[in-house]
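If you want the building blocks of each chain, they are given just below.
Protein chains: 4
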Amino acid sequence: MNFTSDTSAPAHPAVIEALASVNTGMEASYGGDSVTAGLREKLAALFETEEFEFWLTASGTASNALALSCFCSSIGAVLCHEEAHIARDERGAPEFFSGGGKLQLLTGFGARIDREALETALGQINPSFVHETPAEVLSLTNLTECGTAYRAAEIALYAGLAKEKGLSVHLDGARLGNVLANGKTAAAEMTWRAGVDVLTLGLTKTGAIGCEIILLFGDARKKSGELRARAKRSGHMPPKMRFLAAQAHAMLDDGLWLKLAGQANARAQALADLFTQAGFDLAYPVDGNEVFPILSKDAARRLVAAGGKFYPWPGGAYRFVCSWSTAEAEIAAVADALRA
Amino acid sequence: MNFTSDTSAPAHPAVIEALASVNTGMEASYGGDSVTAGLREKLAALFETEEFEFWLTASGTASNALALSCFCSSIGAVLCHEEAHIARDERGAPEFFSGGGKLQLLTGFGARIDREALETALGQINPSFVHETPAEVLSLTNLTECGTAYRAAEIALYAGLAKEKGLSVHLDGARLGNVLANGKTAAAEMTWRAGVDVLTLGLTKTGAIGCEIILLFGDARKKSGELRARAKRSGHMPPKMRFLAAQAHAMLDDGLWLKLAGQANARAQALADLFTQAGFDLAYPVDGNEVFPILSKDAARRLVAAGGKFYPWPGGAYRFVCSWSTAEAEIAAVADALRA
Amino acid sequence: MNFTSDTSAPAHPAVIEALASVNTGMEASYGGDSVTAGLREKLAALFETEEFEFWLTASGTASNALALSCFCSSIGAVLCHEEAHIARDERGAPEFFSGGGKLQLLTGFGARIDREALETALGQINPSFVHETPAEVLSLTNLTECGTAYRAAEIALYAGLAKEKGLSVHLDGARLGNVLANGKTAAAEMTWRAGVDVLTLGLTKTGAIGCEIILLFGDARKKSGELRARAKRSGHMPPKMRFLAAQAHAMLDDGLWLKLAGQANARAQALADLFTQAGFDLAYPVDGNEVFPILSKDAARRLVAAGGKFYPWPGGAYRFVCSWSTAEAEIAAVADALRA
Amino acid sequence: MNFTSDTSAPAHPAVIEALASVNTGMEASYGGDSVTAGLREKLAALFETEEFEFWLTASGTASNALALSCFCSSIGAVLCHEEAHIARDERGAPEFFSGGGKLQLLTGFGARIDREALETALGQINPSFVHETPAEVLSLTNLTECGTAYRAAEIALYAGLAKEKGLSVHLDGARLGNVLANGKTAAAEMTWRAGVDVLTLGLTKTGAIGCEIILLFGDARKKSGELRARAKRSGHMPPKMRFLAAQAHAMLDDGLWLKLAGQANARAQALADLFTQAGFDLAYPVDGNEVFPILSKDAARRLVAAGGKFYPWPGGAYRFVCSWSTAEAEIAAVADALRA
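Those protein sequence lines, which keep their order, are chains A, B, C and D. Just so you know, we're using the numbering used here here: the first sequence kicks off at 24 and counts up by one. Just so you know, we're using the numbering used here here: the second sequence kicks off at 24 and counts up by one. Just so you know, we're using the numbering used here here: the third sequence kicks off at 24 and counts up by one. Just so you know, we're using the numbering used here here: the fourth sequence kicks off at 24 and counts up by one.
Next comes chain A alone, as it looks inside the complex (with noise of 0.2 Å):
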């Protein structure tokens, strides 16, 4: 029962298995390796596409704030969320490595950024009214923090609306297993043919040890050496790297991360039904892995006595995180936690 996140996960078994199948030999240091280099072929059929550079990482922050301070200069802003996790759970690490940039906080229903609000930040740019910092990317998260989902569509309209002022798209996909579970939209339509310039896509959450994958799409391939170049100086160049890449193997293999980001989802639904039928409004709709129950404190209260763990929400609601290990019976303990 607990429900904390998907990062107190452990891993699967076929990544720990991956690592144990690379540990041979020597190999050149720094990404100069075969694993690595083996990757391209499968986020060429990922992604369907030649056309794209990548880089690897073992934490969510590092790759955000890599992939953004590539397009986001010292004078310049981010626009996002103002519950994405870039703004809220980073510790400044956009302004980090950007050197100083700002970002940009715009508001929406369950951590989706609204149009309008989009739209007004978006005519407000004025590169050459020096005083104010001009937005030079736009960063969406799908799945957002209130476990919500663009659809691919949105992605291309806000997308869209963005590279029409000139900004790069970025987007944060720490959970994109969870919106592409589902099977119904291949990971091209929901990035880079979507306008996607730049995309973290996560692989811990969904059952890596640690391991994302920074993906430079089209044009923005051109700030690959910029990638490197900022990787190395962060720390995130490990002499090892074999090591990362073979993670994100296990995990592509037979689509094995989308399986288990599905699995998570099944659980999280299971858990939304086991909510509203006992009579508990959801702050969101549950389109991926979490559930965001407006539980009674008694409801609460009887969940923590039987062992449950989760997380209290701004707002009011609880936040329940399934993971690729999220058992059944922790199902069905909350439901007779409900029930009691």
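Fair warning: there could be bad hints in the mix.
It does not matter which identical chain is used: a pair holds within one copy or between any two.
Claimed, not checked - Calculated lysine-lysine pairs in the DSS-like style (CA-CA distance at most 25 Å, straight line):
#: 1; residue 1: 65; residue 2: 245
#: 2; residue 1: 207; residue 2: 320
#: 3; residue 1: 245; residue 2: 186
#: 4; residue 1: 320; residue 2: 246
#: 5; residue 1: 245; residue 2: 332
#: 6; residue 1: 65; residue 2: 207
#: 7; residue 1: 188; residue 2: 245
#: 8; residue 1: 332; residue 2: 320
#: 9; residue 1: 246; residue 2: 188
#: 10; residue 1: 246; residue 2: 186
#: 11; residue 1: 282; residue 2: 245
#: 12; residue 1: 282; residue 2: 188
No lab work stands behind these hints, which were simulated from the structure alone. This structure is a prediction, so every number in the text was calculated from the model and none was measured.
Go by the hints and put chains B, C and D onto chain A.
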């Protein structure tokens, strides 16, 4: 016959096993897990003190830069050898993490800081002269980039000189195991008892996948909160930290790291003997796992032809690095090639 | 009829005369001159204390950013109003000088921070939660960007709340003269006695060429060396500092700055009366030298046609700023245009 | 007998008069004024080109750091002499403004970069080797910190070598007037025609209150917007910029700056002759307004006893700086003291 770097070696199997062994159940994220907590006892035993705090990272550049940024302000400087890894090979990481602090480069044979150079630099510090950047940290490296070692008494002497002028003392111990492997000096003697405030203890080159430990000793523990905050915002607070900690457990258990380092040292010594017997001088004494023979062009060519891999070094020598996985057969192959 | 900004006004003639008067003989560079030293006595008299240190700059952005960077670390945040000059009009200067610190924006009518918003923000500070950036400074502005004022008791209340949580308090006094000009509150009451640690006292808008004074009060004096170092490395240690100091002398002598500010306030009051008599509401109360009438489009057009210069303001009002050099004839011209 | 620095001198009276002359009426703020605009024509005449953009600051450190930060990225380095002002005397300003870029220090007699040292450094640049920080800018200083000059042909040679490797070229011209004062070389020859992309032209040491001009030549003009943004966020966009521009007008009118620089040079030459006639060697040739005699201790003592002020210089010499205001009587007093 691959002597390019100890970072090209695989991890020791015990490290992979350790990852598998901790891959069960939920754990608190971001370093709050029981595996990380369990490291404390082993580090206390190794360093013979309870007066320390620690943090884990996956790269030496990250560890060095984080450690330095807690002691060198944005308006201060770090004294280091001109060939130090932080000066030559980290793409400005110290400058980035410190917010624009400077490195002040000192000279000395074999990448060891010359005492006179240190005393001159320390003598010139004048914090009240606002135009110049005063040194705030002395950074030593042991083993150095040239494979030479400082003895504990030298560390203590240099640290003492630095502290008289109010500086903090950092030790880059990316290859500290190679210094300590002969068992003649205790880890405590070489570090906090010698005046080291902050140590970056490398286990990656010794045989881990990617695991470095930053240790704050004594009064330096007051920087612990700042270190965590800086780790977070630089992306060095991986969510599933148990997998970093597990590597450290594997390496420290039964002194595995020192055994592996000793094995690498032995191979390096064998290599050094081969070179000298073949009539080639060594550019620097062999104090650890690196050998710098001044090969004739012909000898270098023969080695390459036989499949040898190694790098030329500034000044005319070549660098050969041995790791825990360097086989006796590789040394024998060098002997054959030299004889050919 | 130019009401665009008090920064568009010329300097008061006494300022030019003061420059001429100190333009004799050699003086120590970089602030070591006798003219700068002589300011100490006048500032001590003005602020009724000897417990202060000061530094001079030529721009308000520089003063604010330098002041903040001594109290907000690169891993901390500044609480300020969302319409504050440091948030809106300084192109990320606080983020730049602090090395990536954040601004946390608070709401409130008329660019004055709302008490509840402040208390909420202060209540959320949790330095031990490493993912979020804790506020380290409260920055107030008096006169605000909307021409409204905090009373000394309000400054004291807010500063007290902030200090309970361990924050330092900064006052952006770019137009402090306009607040103090009515003579009802002493400079000391509005600043250090109310708990202000660091004040940026503006004289440029009041009538200087370009002269702002950063004052560190009480315990904040320990930041004096750091302030000088930061001034040096940001290019705000002009070699011939006597010419900055001379401006401050001219403005402080016989309370000239308050006379000039009072004159600007009087013009603004006259303007406000004109607008209200003509039936236009004011968006904000007029506490200083700025008036924000909600003009009809027709009235605005007539004013422009008559040669009036002023800016539209977010929210539908227009901003009229009076300076020491605003002539009664200009006010009369506005009256004529409104009547036309 | 005050030879401590040309920054200790007063401003030329024409500069004060110029301030008074522009102190009338309203002007657009932040550089949009007519006085600043009027400078364009004079700079075009001086540099014999229309292909430039410019910005004004009040300090040389600000000008250098702003200029460099437009061409050296946070992941790049600046090649400069180890005794350059940007390396020795600006408290890390280039590192701060560039966001953590590095200075790579080159050797050479008399603070002039040695050609071989330059070629070696240029030859080592390898942007594809991500671990090292590649040089992106060559910064030359003319007049150097040792009072020596580069000839235009040398600037052109060095700039050509740098440009072959893709570097931009910066000229620190804090004392460029002293180089050009003899009238043998045109400003254009020494700057953009020689390949200089960005010049910081100092007028403060020559006789202004505080006025430096950053000039972007040719293709470097594309950095104009970035330069303004960086000036704004570093507090170097003074609201009443007309008073900076007025100083430049005064100095450029009728070549006043060159006359004043020539006068300072003449005094320095007279001083140099005195020293050599008295049997003292000069540490460096006298190419401008600085003299570095290797005085006996006795001679130095006598000069001090007679009221002489000057600084010891690293290496055993003493530094004597003449300014536009150095009187013949002061030279005569030195002669007397030496003879005594």
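Status of the hints after comparison with the structure:
no., hint, verdict
1, 65 x 245, "within (21 Å within a copy, 41 Å between copies)"
2, 207 x 320, "neither (38 Å within a copy, 52 Å between copies)"
3, 245 x 186, "both (17 Å within a copy, 22 Å between copies)"
4, 320 x 246, "neither (50 Å within a copy, 39 Å between copies)"
5, 245 x 332, "neither (45 Å within a copy, 32 Å between copies)"
6, 65 x 207, "within (20 Å within a copy, 50 Å between copies)"
7, 188 x 245, "both (20 Å within a copy, 20 Å between copies)"
8, 332 x 320, "within (14 Å within a copy, 59 Å between copies)"
9, 246 x 188, "both (20 Å within a copy, 20 Å between copies)"
10, 246 x 186, "both (17 Å within a copy, 22 Å between copies)"
11, 282 x 245, "neither (33 Å within a copy, 45 Å between copies)"
12, 282 x 188, "neither (38 Å within a copy, 47 Å between copies)"
Violation of the numbered hints given earlier is confined to hints 2, 4, 5, 11 and 12; the remaining hints are satisfied by the structure.
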